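Read off the chains here:
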Amino acid sequence: MQFTAAQLAEFLDGIVFGDEGVQVDHLCKIEEGGPRGLSFLANPQYTPYIYRTQASVVIVSKDFQPDQPISATLIAVDDPYQSFARLLEHYDQTRPNRTGIEQPVSIDPSASIGEDAYIGAFAYIGRNVQIGRNARIHPQVFIGDNVRIGDEVQIYPGVRIYHDTVIGNHVTLHAGVVLGGDGFGFAPNQTDSYNKVAQIGNVVVEDGVEIGANSTIDRATLGSTILRKGVKLDNLIQIAHNVEIGENTVMAAQSGVAGSTKIGANCMIGGQVGIVGHITIGNRVRIAAQSGVGQSLPDGAVVQGSPAFDFKAYQRAYVYFRKLPQWMRGFTANPDTSTPK
Amino acid sequence: MQFTAAQLAEFLDGIVFGDEGVQVDHLCKIEEGGPRGLSFLANPQYTPYIYRTQASVVIVSKDFQPDQPISATLIAVDDPYQSFARLLEHYDQTRPNRTGIEQPVSIDPSASIGEDAYIGAFAYIGRNVQIGRNARIHPQVFIGDNVRIGDEVQIYPGVRIYHDTVIGNHVTLHAGVVLGGDGFGFAPNQTDSYNKVAQIGNVVVEDGVEIGANSTIDRATLGSTILRKGVKLDNLIQIAHNVEIGENTVMAAQSGVAGSTKIGANCMIGGQVGIVGHITIGNRVRIAAQSGVGQSLPDGAVVQGSPAFDFKAYQRAYVYFRKLPQWMRGFTANPDTSTPK
Amino acid sequence: MQFTAAQLAEFLDGIVFGDEGVQVDHLCKIEEGGPRGLSFLANPQYTPYIYRTQASVVIVSKDFQPDQPISATLIAVDDPYQSFARLLEHYDQTRPNRTGIEQPVSIDPSASIGEDAYIGAFAYIGRNVQIGRNARIHPQVFIGDNVRIGDEVQIYPGVRIYHDTVIGNHVTLHAGVVLGGDGFGFAPNQTDSYNKVAQIGNVVVEDGVEIGANSTIDRATLGSTILRKGVKLDNLIQIAHNVEIGENTVMAAQSGVAGSTKIGANCMIGGQVGIVGHITIGNRVRIAAQSGVGQSLPDGAVVQGSPAFDFKAYQRAYVYFRKLPQWMRGFTANPDTSTPK
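Chains as they are written, first to last, in this note's numbering: chain A, 28 to 368; chain B, 28 to 368; chain C, 28 to 368.
No lab work stands behind these hints, which were simulated from the structure alone.
When the alpha-carbon atoms are kept at most 25 Å apart in a straight line, the in silico DSS-like pairs for lysine-lysine are as follows: (1) B:Lys223 to B:Lys289; (2) C:Lys56 to B:Lys289; (3) C:Lys89 to B:Lys223; (4) B:Lys339 to A:Lys350; (5) C:Lys350 to A:Lys339; (6) A:Lys289 to B:Lys56; (7) A:Lys289 to A:Lys256; (8) C:Lys289 to C:Lys223; (9) C:Lys223 to A:Lys256; (10) B:Lys350 to A:Lys350; (11) A:Lys256 to B:Lys56; (12) C:Lys339 to B:Lys350; (13) B:Lys256 to C:Lys56; (14) A:Lys339 to A:Lys350; (15) C:Lys256 to C:Lys289; (16) A:Lys223 to B:Lys256; (17) C:Lys350 to A:Lys350.
Keep in mind it's a predicted model, so treat the numbers as computed, not measured.
With the rest of the complex left out, here is chain A (with noise of 0.2 Å):
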């Protein structure tokens, strides 16, 4: 790539504060940028830099008020992070696109692929498997039986989508991801060990879902379980089965979701949280980093803990939690006499 300021502030609907003609051909971050470098600055976390970046030109808020020189071009837009991110998405789509069908694949006779489709090397795809349009599927991707995709996914290396998964349009799917294995469903039996219980349900995943590297989701013993439009997840979640989560619920890394909960739409849950089965949790609700939620929340619930409960009280608790020795000391300067047995 390579534009000049001028360009690029017709193309973000920005003005131009500076040399229009200067020019950049690459981005960069603020802190890091170099000649012909374009930038940009949305938090004020980041102001100082702005004064002494390198970068050739900077996108930032048409609020910005400079209190010293700046030597970069500024072009001033509305959201300079979403000026920022259509540049990104532009440069991403400019990296060249694989086409086609390559070999060796195993496509079942019966499977049913859309136009423009790529399939990589080593893709394999089982009966009855219906593919949309411009779907892009990587090499080493296993597809079951029946499995049904819909237009303009990318589904990276490496993804198993076991039998009668059902997949939505502009999914992505990154590598090692596992849409479709058994539900963790065991029923003890009288010899003191367990019989399993098949899992003949499946996953729905529905338009606009995202799934991070490795993250695993089980299929339903009986029915769906059920990844609603635009639900972000991010790497090595574990989904179980007949698990339901809401619109626009978005997920951080190592988080899992035990089986049967329902989970509403637009939530926001933190990495390395658990929450057990069998419970509901409403729309709105925020959950803290590593909180363990073992009972159904209302809408708008912000909790924090393990198990968790308000965030709030959650902090002002963990604040006295840290006071304790110092305070227990206190109350047991003549132990003897003032502890309780």
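Assemble chains B and C onto chain A, guided by the hints.
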């Protein structure tokens, strides 16, 4: 599938109440049941649904006493959940199985493969590998040199089995499982960095074990990391080198066990539990989710917390933890005089 | 292998006590040793075993003073663990190596592969990839476009390396590792859903790094996610975009680091630790297992808890946490009057 209530009752050794001739053609949840659906009632919490379910047939306990009219035909059995599990199993087995050896595969000429095995495309089978009867080695599996595998195993796509691993009969390994990666062994050296300690032991997985997707079981430094008969591991579990897990112990997702720890039989270990290395956990121990076990535990212990201690004591302590702010504010009404330094 | 005690003593620069001609043919644990076995004693906890082991030869410290008769031949060395590690290494290297390029593989004509490389079947190597000397690329590995890999690497089956990743010399990646998946970057939009932020940076893995099975290292949004020389990561670890981990830092299994955090050199991070984004951890920091680090830490800090604070202070506070029920019951003998509202 298509059965009458009478046929099902005979199969399940149950008694029909209602229309013996009514037909069902699918299994369903009682709360979502529709015409021609077959459901069950085991958990009393779901009893209200039986009075309004649209399922045609519901399997119930012989002890069940309705207190309102029910439109579904009932089949009364001794254990409705187990009866339903038998039907799930039956249904699951109607899926068409693949057979034979697909192409391309890479099988070393020195490998020996039992009767009626299925080997999926892109599987890799190393030197001196032995695989038993009726094995199902799905596509894209890797089996290293000298691995021995028993009869009737299910090894799902993308499983990686390093050299020298020994696997029993009736074992199920879900997609992405890694058996036999190097234990995490490094010895600090004089230059403030680490020398790798070679890991020359192996992994032994006994009969009837099931391991969930993307779990990792490391090979022993010397000797074996061992999962005893009937162990059930959920997804994304980490078992370090030289660990031994006793018969029929069950671990929920995202738990981890550090090196050389021995866990007894018939334990139940919750999700996201961590267990330190070099300790011994007794038989029938129960560990609450997210606990961190830092020392050996006797038979029958029930623990929670990080570090973990007696479950009930943890629950009680946590109740008081939540009350700390309220309490301490009470004691510090006049903080200048009552607060210990 | 087959050696006499005298040969081993020469190899290890040790002194024989006992029969110089006794032969050994395998390595074993001291507590399980049998005839012709070679074991070692480093941890004093295992001293009692030396008086009853059946191993033919035991490597001991030059400082070791037996207080009972010992049937095994002893070899006294400066550091028995390191001596034994050398033998493990030696033994491990006797395993026959594969060489050459197996078929089928998919290697782009523009890729360059160094001398004496091994490329296993079903591997996929993209455009402009450069791989160094003596690389061992095991079966079913995926290497995306423009990846650069150094000399003497071990890349185990099913590793996925996205485009633009840079890997140094003597790096080991275990099965199922994913390098370079997209960082978890989403910007909320006006419709209450999220726009993906393209991740155009890469992952850099320096010399001597080892990464455990199924761990995931995300690519940077801009710039690089970096693992410095000698970093050792255990299994199922998550490293988010733009994280940097300093030289020789070690992380145990199932830990995670959120975006843009910088970790210093020579840190020791326990299992299941979570570290928030955008903070700085100093050098030689130690973090106890299951801790949650929520703020920057200076050099040499030792912390525990969620959120984490000073390790000893945590241990003390936790002792009092366990005593809370006993304490508070004492103070509330008459709860109606003494409990604050």
